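One letter stands for each residue in the lines below.
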Amino acid sequence: RKEVEQDPGPFNVPEGATVAFNCTYSNSASQSFFWYRQDCRKEPKLLMSVYSSGNEDGRFTAQLNRASQYISLLIRDSKLSDSATYLCVVNMVRGSTLGRLYFGRGTQLTVWP
Amino acid sequence: NAGVTQTPKFRILKIGQSMTLQCTQDMNHNYMYWYRQDPGMGLKLIYYSVGAGITDKGEVPNGYNVSRSTTEDFPLRLELAAPSQTSVYFCASRPTSGIAYNEQFFGPGTRLTVL
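Going down the list, the sequences are from chains A and B. Under the numbering used here, think of the first position of the first sequence as 1, with each following residue one higher. Under the numbering used here, think of the first position of the second sequence as 1001, with each following residue one higher.
Bound conformation, chain A alone (with noise of 0.2 angstroms):
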């Protein structure tokens, strides 16, 4: 089993629409959880962590539940600059290892007009 399995997509949606990943992690002793965003052929870049207790942050809210060890994210009111491959990341400490992150496969998005 993957230690971060995500739907690769592609979801296809209008502007305005709103889309909703999900992420679930193999390894009950993680300990952050992130989204990043990676544009085509470009870097990933940090877009949320995910807190516990949930978090938003504009348009975009991330969610987590430990005890089904799953992961959300729900972009709200989608704009064509929302296209995009969302990756969802998870840092494990095993034994002795510093934390390392594990990085999901992708949720690929386009938003059409």
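In short, the hints are calculated from the structure, not lab data. One should not assume that every hint holds.
[Claimed, not checked] Computed Cβ-Cβ distance ranges for the label pairs, DEER-style:
| # | chain 1 | residue 1 | chain 2 | residue 2 | range |
| --- | --- | --- | --- | --- | --- |
| 1 | A | D77 | B | M1019 | 41 to 47 angstroms |
| 2 | B | A1002 | A | A67 | 40 to 46 angstroms |
| 3 | B | R1077 | A | N65 | 37 to 43 angstroms |
| 4 | B | T1020 | A | S28 | 35 to 41 angstroms |
Note that this is a predicted model, so its numbers are computed, not measured. Here a beta-carbon is modelled for each residue, glycine too, at the ideal position from N, C-alpha and C.
Place chain B on chain A using the hints.
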């Protein structure tokens, strides 16, 4: 700050050739990482370093070597290039304290093709 810089941006190698991918960061981060990203796949960790003189293997280290003689530089060496090493290579760094703790900052990537 320039952040994380990588050179070259693109490279085509023949099977069996060797090369070094350069990575430099000017943020004084102790932690640095090398990843590869194959088409449609997530990033896989090749090697990482927690400070000058300290390196360790990630998930896919075979065929690669690294060194970390300074805080700023973390080069990745391919000794005998193989077609399976065709990929996009990302270098990243991370602070160990402060607000951005746990956020990895990525370089723009090196696109490598081995023919």
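Hint numbers not upheld by this structure, sorted from lowest to highest:
Of the numbered hints, all hold.
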